[in-house]
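Protein chains: 2
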Amino acid sequence: MKTYQEMTKEELLFEAAALEAEFEKIKAKGLTLDMSRGKPSAEQLDLSMPMMDVLDSKTALTSSDGTDLRNYGVLDGIPEAKKLVADMIGCRPENVMIYGNSSLNIMYDQVARAMFDGICGHTPWGKLEKVKFLCPVPGYDRHFSITEHFGIEMIPIAMTENGPDMDAVERYVSSDETVKGIWCVPKYSNPQGVVYSDETVRRFASLKPAAPDFRIFWDNAYAVHHIYDEQQAEILEIFAECEKAGNPDMVFEFCSTSKVTFPGSGIAALAASEANRADIKSQLVFQTIGYDKINQLRHVKYFENIEGLQEHMKKQAAVIRPKFEMLEELLSREIAAREIGSWIKPMGGYFISFDALEGCAKEIVAKCKEAGVTMTGAGAPFPYGQDPKDSVIRIAPTYPSLEELKQAAEVFVTVVRLVSAKKLLESR
Amino acid sequence: MKTYQEMTKEELLFEAAALEAEFEKIKAKGLTLDMSRGKPSAEQLDLSMPMMDVLDSKTALTSSDGTDLRNYGVLDGIPEAKKLVADMIGCRPENVMIYGNSSLNIMYDQVARAMFDGICGHTPWGKLEKVKFLCPVPGYDRHFSITEHFGIEMIPIAMTENGPDMDAVERYVSSDETVKGIWCVPKYSNPQGVVYSDETVRRFASLKPAAPDFRIFWDNAYAVHHIYDEQQAEILEIFAECEKAGNPDMVFEFCSTSKVTFPGSGIAALAASEANRADIKSQLVFQTIGYDKINQLRHVKYFENIEGLQEHMKKQAAVIRPKFEMLEELLSREIAAREIGSWIKPMGGYFISFDALEGCAKEIVAKCKEAGVTMTGAGAPFPYGQDPKDSVIRIAPTYPSLEELKQAAEVFVTVVRLVSAKKLLESR
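For the protein sequence lines, the chains are H and E, in the order given. In this text, residue positions in the first sequence follow this note's numbering: the first is 68, and each later residue adds one. In this text, residue positions in the second sequence follow this note's numbering: the first is 68, and each later residue adds one.
Be a bit skeptical, because a hint or two may be false.
Covered, in the sense of this in silico footprint (three residues per stretch, anywhere, with C-beta under 8 angstroms from a C-beta of chain E), are these stretches of chain H [as the list claims (entries may be wrong)]:
no. : stretch
1   : 167 to 181
2   : 324 to 335
3   : 357 to 369
Computed, partial: chain E to chain H, Cβ under 10 angstroms [to be verified]:
no. : residue
4   : Asn-138
5   : Ser-332
6   : Gln-350
In silico SDA-like cross-links for lysine to any residue, where the CA-CA straight-line distance does not exceed 25 angstroms [unchecked claim]:
no. : chain 1 : residue 1 : chain 2 : residue 2
7   : E       : Lys-381   : H       : Phe-183
8   : E       : Lys-197   : H       : Ser-212
9   : H       : Lys-92    : H       : Lys-381
10  : H       : Lys-436   : H       : Lys-489
11  : E       : Lys-199   : H       : Phe-183
12  : E       : Lys-125   : H       : Pro-117
13  : H       : Lys-125   : E       : Leu-112
14  : H       : Lys-381   : E       : Leu-128
15  : H       : Lys-473   : H       : Glu-406
16  : E       : Lys-199   : H       : Gly-193
The hints are simulated quantities; they were obtained by calculation from the structure and are not laboratory data. By construction, the Cβ of each residue, glycine as well, lies at the ideal position given by its N, Cα and C atoms.
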């Protein structure tokens, strides 16, 4: 098969015409398909239904330390839930605070607290002229929305196959005291599925920030979200590395069971050093008396321990793996072979980040929409929604059924080919 | 029986000496009792245990509009939960937003949002030189903690048997544009149990605020928390009154099922006008994707409707009523008869607010502590913890068993008598 670059102008014109006809046929089908949402499918959710049976009216709703979980109190979570979450992300239970149902809410509150109260006695960010965050790109749009909402200036940092460009990170963090944070998804990053290498994690832990209240926002959202039973990635545990490097207080780590059990009805957690936890609690007491401890107990009773949770995640993987494999095969055959797009093969997480030819992403997303296939908006994985190369498209394969996904993916590759051919023709 | 005022100095000295001896005897018992916490007792919590059975792995976890409640989405709550909550507080379902487990958290977030984002396009309070809140006293300490945390100046407003002193409220609100809010617990107020009269509610609804972003923080925490099956108070519905008075956007109303089902595992809600809800959601989308919808469904399935919830609250009342009646009887006999204290008999809510002789509250609480009985700190129901008359003590009778409460109450009345006798002797 010829790549599009290898084709003559005439061949490309012929290809574009054929694809245009194909595109019109697809449109006529009136499809309604969606590859935009990083949501579990109903089949995945079904896997967690037995969790609805682990507590009933005969269950003693008490924690291991005897606390009646039906009443007020316990600001930072029950001991057994701390243990489960700690095992999920590899840290110590005493680092963990269990919150409500949303790690996004915890992240928002962390930034809000830094803005209004300041971190560990430092000047509240809201009182500073300028506050900046480093934003590895492509990244998670809801991270960027939080920092944008608070008027924090976002600086894009290029991603590599091993994590963010650490030369750039080190340069900014060590030289600019207005740089107060960085958004990281260290394992199976959103959207690329990048796993931070040991060297990347160590360089993070060894940062020498100009700002004493610089914090790494370490969103370990996909800690246990493998796609394959073999080839499961592990990352270095960030707290241990930070302690070794003399930076014990530099990290806020976030995680949840939203994509383990039920999004919206899971448990979310923050892990932090003792000093950070004390600082957080000094404000949190004004905000709430405590989170849903019964739901914490429900999760613990359901999984029993980390092995139970890992077994559960294997079942999740079995549901989503065929979807990733199908996409992988189709994109390799139809796109990579023509050299009109690339991606990193994800081993975990919820996305494939597709790099189209420069200047094609918006057009591809628009034409997919025209053909009844909703994709995440082009630019969404970038601060301010601006992809400088107009090239990145986040593909979310988990929510549709395999059959629907196949249909949607076939539309997608047709559109990528069409838009790419036309783009290349512009310069012929 | 002579009142303490009627006693001669010698009689009072004799009384004080006898009480001192009695107090020493009590101390020797080494009691550990608690009347400080506005928490349901285990017996009350037991009443809600059947709620743990209404959902199981066979239940379709979908809302009335067909939404899969196990997945992401539904920012402001499921329709049937909105209906249940609306019926609880008497407003329209479309006014209601269902949040997570804590109305306190909603209130905190409302103030935080006003501070940072501003209300409906007005200048964020955090950018103003001065922001003030009116605080009816005695009131709820956690309300005052929120406003204090945000540096909002608190102005105490006297409570009457019909609600806050509305002359003072009207004067402040209409003349001072730095007055941005007022904390209200309109039904069975914390701690006095005051029920706002129709005139009070109408005068609230008819306020003419100098500040366009003035809001009434209407914490309807005890909407269905009656103590007696007869004599249940009703208050006018604030949104309807506000609309009539041309102030549709002036109220944020809060409530929860924390003291209906399980504190920490209930559902909490905010009710507001359309303009306010749109304003809130424009920020809330950055904070979370949605709250625990399965727990919303659990509550709806358990109660079925408002009648079911009211039946449940009758059972709660049957548990707490003997405690209030015992206290009422004991305080009447031992304290009121001696004219050394007064209170308003509460018909609902969780507290009795005891007015000791001036200058006695701190001493009474300290001596109770000495005798092994924990009371809410004197001053707690006032902004900055300062009770100008050092007179108010909040009594929380629900958490201990009736037997423990009796013991604690007997210690309390002995201490009140002792401290009062000594106080009166100071001026003899």
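Against the structure, the hints:
{"no.": "1", "hint": "167 to 181", "in the structure": "holds (count 8)"}
{"no.": "2", "hint": "324 to 335", "in the structure": "holds (count 5)"}
{"no.": "3", "hint": "357 to 369", "in the structure": "holds (count 6)"}
{"no.": "4", "hint": "Asn-138", "in the structure": "5 angstroms, holds"}
{"no.": "5", "hint": "Ser-332", "in the structure": "4 angstroms, holds"}
{"no.": "6", "hint": "Gln-350", "in the structure": "7 angstroms, holds"}
{"no.": "7", "hint": "E/Lys-381 <-> H/Phe-183", "in the structure": "43 angstroms, violated"}
{"no.": "8", "hint": "E/Lys-197 <-> H/Ser-212", "in the structure": "30 angstroms, violated"}
{"no.": "9", "hint": "H/Lys-92 <-> H/Lys-381", "in the structure": "39 angstroms, violated"}
{"no.": "10", "hint": "H/Lys-436 <-> H/Lys-489", "in the structure": "18 angstroms, holds"}
{"no.": "11", "hint": "E/Lys-199 <-> H/Phe-183", "in the structure": "18 angstroms, holds"}
{"no.": "12", "hint": "E/Lys-125 <-> H/Pro-117", "in the structure": "9 angstroms, holds"}
{"no.": "13", "hint": "H/Lys-125 <-> E/Leu-112", "in the structure": "13 angstroms, holds"}
{"no.": "14", "hint": "H/Lys-381 <-> E/Leu-128", "in the structure": "24 angstroms, holds"}
{"no.": "15", "hint": "H/Lys-473 <-> H/Glu-406", "in the structure": "21 angstroms, holds"}
{"no.": "16", "hint": "E/Lys-199 <-> H/Gly-193", "in the structure": "20 angstroms, holds"}
Of the numbered hints stated above, those contradicted by the structure are hints 7, 8 and 9, listed in ascending order.
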